[in-house]
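Visitor: Chains as they are written, first to last, in numbering that gives the first Met the number 0: chain F, 0 to 234; chain P, 0 to 316.
Since no wrong hints were added, every one of them can be taken at face value.
Below, in silico cross-link-like pairs of lysine to aspartate or glutamate (DMTMM-like), each with a Cα-Cα straight-line distance of 20 Å or less:
| hint | chain 1 | residue 1 | chain 2 | residue 2 |
| --- | --- | --- | --- | --- |
| 1 | P | Lys-136 | F | Glu-233 |
| 2 | F | Lys-74 | P | Glu-291 |
| 3 | F | Lys-74 | P | Asp-187 |
| 4 | F | Lys-74 | F | Glu-51 |
Think of the hints as simulated: they come from the structure by calculation, not from any bench.
Spelled out from the first residue to the last, the chains are:
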Amino acid sequence: MQNVLFKKPLFRIAGDRGLLVEYGDVIDPDINNKVRSMAIVMEKETPEGVLETIPTYRSLLIIYNPAITNLARLKKEILALEERLSEIKIAPPDTVEIPVCYGQEFGPDIEFVAEHNSITADDVIRIHSGAEYQIYMIGFTPGFPFLGGLQESLHTPRLETPRFIVPEGSVGIANNQTGIYPVASPGGWQLIGRTPIRLFSPERSNPFIYKAGDRIRFKPISEEDYTRLAGEVEK
Amino acid sequence: MDVFSVLTPGAYTTVQDEGRFGYQQMGIPVSGVLDSFAFRVANMLVENPVNCAVLEITVMGPRLEVLSEADISITGAEMGITLNDQPVQGWRSIKVKPGDILGINQVKSGCRAYLAVTGGIDVSEVMGSRSTYVGGKIGGYYGRSLKQGDIIKRGKGLKLKPARHLSPAVIPKYSSNIVIHAVPGPQDDFFDEGLKTMFESEFMVSAKADRMGYRLQGPVIKHREEVPKSIISEPSVPGGIQVPADGQPIILLVEQTVGGYTKIATVISTDICKVAQATPGDLIRFEQITLETAHTLYRDRQKFMQELEEKHIIRIS
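In isolation and in its complexed conformation, chain P is listed as follows (with noise of 0.2 Å):
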């Protein structure tokens, strides 16, 4: 069912899933949203089963004429939501009509926001995924960024009786300051005094920052003298934070496959969504935890995540 045209695209629209798994191996990149958090948050707020295509929105929103009725909800970075020139909230489920203008504006915090619609944004799975890879041109809409008078379809869903919003309490709030948990290694053995530089520095989000990777910049990081500063390439995870020979990390993204430079630690994954929010200009210090800490708090994330929608998505008599 067709439910928006879009008027303006913004600056960089995409739609996205939770990502394309099993497939590295053939060097397709999992793709997917950057912020697991806003998007699942997103689909609970319209009822959504958990993995449904949503357009992950970035820094500059859309402009979009509604063309069937459903509910939406938006969240993710603050963006200034208007229906029909009125402001809207975002973390909340909104009814939508035929003719209603839905316009998402200049990012004020945050980067990245996630639409959502009941049924999920509708285009054909590519290898079991409806996420865009913009770089391999498949998946999403057409394999790319959406344009203007593109028409955006959703799939079959039941439209909500009581509309629904998220405890103000868990909304989480975008600061300029970014403290982002990262576990040393795979080849942290390559530095040494490198390590501390790491972690005891401030490093400044670049304007090269997008889907693939966030260069920053900050007092150079040294490979210990005796090491090669490059390494035979090999596959990167998401979050894998990335040292090239000018000693200025890269925190590489989903839409990375191979590389062939060290990696001096790796952002931990309940912690990839405060990066996707992260603007140029951001200043960001790594804090180092261990293996074990980090797999206590994807656990407890998880729990998190499990118990939220139980008790933090309010319903609105």
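Here chain F stands alone, though its shape is the one from the complex (with noise of 0.2 Å):
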């Protein structure tokens, strides 16, 4: 297999607080997994003055404090963190279990990937609810998550008109990647499904159920199960 990590990262000066540090450019799995490993390093061993470690696909953007640390500083602290990473205990990532009503008003565009990908809904459902995704990514909205591991038969270009509002919990399809709409926003994704389960709670003191790095994997529901669930929630 060939080896997309960069041999040495590549720094990226993002103004006098930000430093991007980057494994690759490309998306991918290892490049992913090794971004996970040092976000995991620099919170267990924060090199003086830095503030936050924000993972990203393929890179760690580093919040730092100017008055505490500098460029050189940094460096010479994150490469040296990396030379001791098969040292460190870094513990497996959790994988996280979505519950998904597939299909009726939950993914109103259920049937378009089907017709796309010359399957049938059923089919999307399998597919979807059969793999395991890794957590590239989250941004764009509180606690959205850009999931890799798409199979390609269910890959769909995003809607042409993206919607005025998708609904809280929407699941969705863009290109290769999946995603979850934790709140509801205006979006473009192809939506299959919908979860009750709440992915974002601000006044919880962990307000998420999942942070980047982790795995997810989507359990297809019933309708009454959704119903049954969301109010649950709503208690």
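Take the two lone chains and join them into the complex the hints point to.
Guide: This is the structure we're talking about:
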């Protein structure tokens, strides 16, 4: 297999408080695993002056206080942590199961996705819920996970005209990615189902049920289960 | 304690503090005040702790009925302030009492004003901050900008004995010709001629200018021929200057999370307050500086802010 990881990370300057550390220039699970490991190590042994480490598809965005540290020092400390990566214990990623009611009003684009790929709606459900997805990055709206690992037989382009409002919990497909809308927002992804569980609860001490680098599985549920679970969430 | 009843909300008035830090990896932008200088001074003038929430007022201010006694201060953009229809000054503390009508009018210079009140604006903290993130409908006053009829509360705090004002020597003057310092990167290697265009031209602030970003108009900033115009989506920092395929730059601000366009340069953090006070039609020139110079300016500003209260806040006896 071709190794897509950069031999040495590429440092990019993002203003006077930001440093991007790139580990590759394609979307790839190995690169993203490296990002995850480095994000965990940076959290465990945070270099002095580092305020926040944000994992992305293929890089880390490091926010630092320039009154405490500087570029040369940061680069050195990051490279040193990378050298020691094999010695530091890194917990395997969590897998989070998300119940989804596919099709009908919950997934108005499921037929389109099926037709586009010359399969049936039931195939879409079977294939989509049969795989495990890697959270490459979280962003766009609070808790929106960009998921890699979508089977090629489900790849579908975005809607030509985005929707003004995509309901909270909607599960969608955009090209080779799948994702979930934790809050209602405008959006152009093809919607195939919806989850009744809340993915973002700002009032809780931990407002999210997953983090970047974790894995997600989708479990098909019936409309009755959807209604029941949605009722429990309401309480 | 109830302190204001909103008679008219103004064009866009939100509750903000320094921002919501540590959640960008979950897709939550920092939000918070755009002009941190005016914000810090507003709180100093009423002797508040540094991170008390304030009202950020944009272009046209609100009309507020005062419900309880307090000290207030209004800093930032010059907006023509009236108390019971009598003009009052910005950048100083003002005593208000129940029944007073505070008017903050159309902007004369700058873009954003900050209203601080004894004890700070009291709303619940959400994920460690009182800042409003309107896009995510969280924080601030029910996650939105103010509306007519809203009742604003304040926290506990001691009222001032002598009034205070900021030394006129350090009150910023907001010009329509703005010079902003920027450091090349993160994707400066996607440009060659484009960097010259970026740092040697003048750009006009377009009507699309808000807390997410400022779209500018000017000569087209060209990418290098052989490079892709978009990149794998990545988080942005406030001040990142994004250049989409059309070559018209956008200064990304505090309600932005991820984006897939190249960023040619990044506005230094101490100059974000200049962007905050720019209005549509203003002209911006970017001056290129090195990261080392940016860090020196950062530390100088920090020192200046630490000494500000002692050196430039004047007590009026």
